[in-house]
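Mapping of the sequence shown onto our numbering: position 45 corresponds to residue 45, and the numbering continues sequentially without gaps.
Incorrect hints may appear among the rest.
[To be verified] Ranges between beta-carbon positions, derived for each pair:
#1 P140 to A21: 23 to 29 Å
#2 G42 to G106: 17 to 23 Å
#3 D142 to A74: 31 to 37 Å
#4 K150 to L84: 40 to 46 Å
#5 R132 to L84: 35 to 41 Å
#6 T61 to V91: 17 to 23 Å
#7 A21 to V87: 26 to 32 Å
Honestly, the hints are just simulated from the structure, not real lab data. A virtual CB, placed ideally from N, CA and C, is assigned to each residue, including glycine.
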Amino acid sequence: MPRPSTGTPSPAWTDPDCPVARALDLVGDRWSLLVVRDAMDGARSFTEFQRRTGIARNILTDRLRRLTAHGILAQQSAPSGRRLQYVLTDVGRDLFPVLLTLRQWGERHAFEPGEQHSTLVDQHGERVPDVRPTGADGAPLDADTTHVRKTGGPSHR
1 MPRPSTGTPS
11 PAWTDPDCPV
21 ARALDLVGDR
31 WSLLVVRDAM
41 DGARSFTEFQ
51 RRTGIARNIL
61 TDRLRRLTAH
71 GILAQQSAPS
81 GRRLQYVLTD
91 VGRDLFPVLL
101 TLRQWGERHA
111 FEPGEQHSTL
121 VDQHGERVPD
131 VRPTGADGAP
141 LDADTTHVRK
151 TGGPSHR
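Sequences and hints are given; from them, build the entire structure.
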């Protein structure tokens, strides 16, 4: 991940004090998250990513380069040894809960009632339960029960 060695934020950050803004600077465009989604679903080659997403070659090249530069994907030799393939790093795998929550939000709000859509299932074929954040005491958390604490600079969500 791009972390300036001087301890000062990079001028490229949209909002240097906000973790949400920084995360969006790294993976917040549509194509980056779709590439990560497909990597989680087994895509490894440029051709697979292009086929699954329909993304233009030049945009896919840019996203794969950026995701690799930010440590979200890594390149390794394919089993055949003739080509390189892309694999998720631990940093990339850490995006799973983000994509899961985005998927579940989409299931609730991006489809008409009864409209068909894909569903994420676990290794036993069971639908993955909805993610619901809870506090240390087990109580549900939402935008009304949380706030941002300043750690030095201005606070942002």
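Do the hints match the structure? See the list:
{"no.": "1", "hint": "P140 to A21: 23 to 29 Å", "verdict": "holds, 26 Å"}
{"no.": "2", "hint": "G42 to G106: 17 to 23 Å", "verdict": "holds, 20 Å"}
{"no.": "3", "hint": "D142 to A74: 31 to 37 Å", "verdict": "holds, 36 Å"}
{"no.": "4", "hint": "K150 to L84: 40 to 46 Å", "verdict": "holds, 44 Å"}
{"no.": "5", "hint": "R132 to L84: 35 to 41 Å", "verdict": "holds, 39 Å"}
{"no.": "6", "hint": "T61 to V91: 17 to 23 Å", "verdict": "holds, 21 Å"}
{"no.": "7", "hint": "A21 to V87: 26 to 32 Å", "verdict": "holds, 27 Å"}
Of the numbered hints listed earlier, not one is contradicted by the structure.
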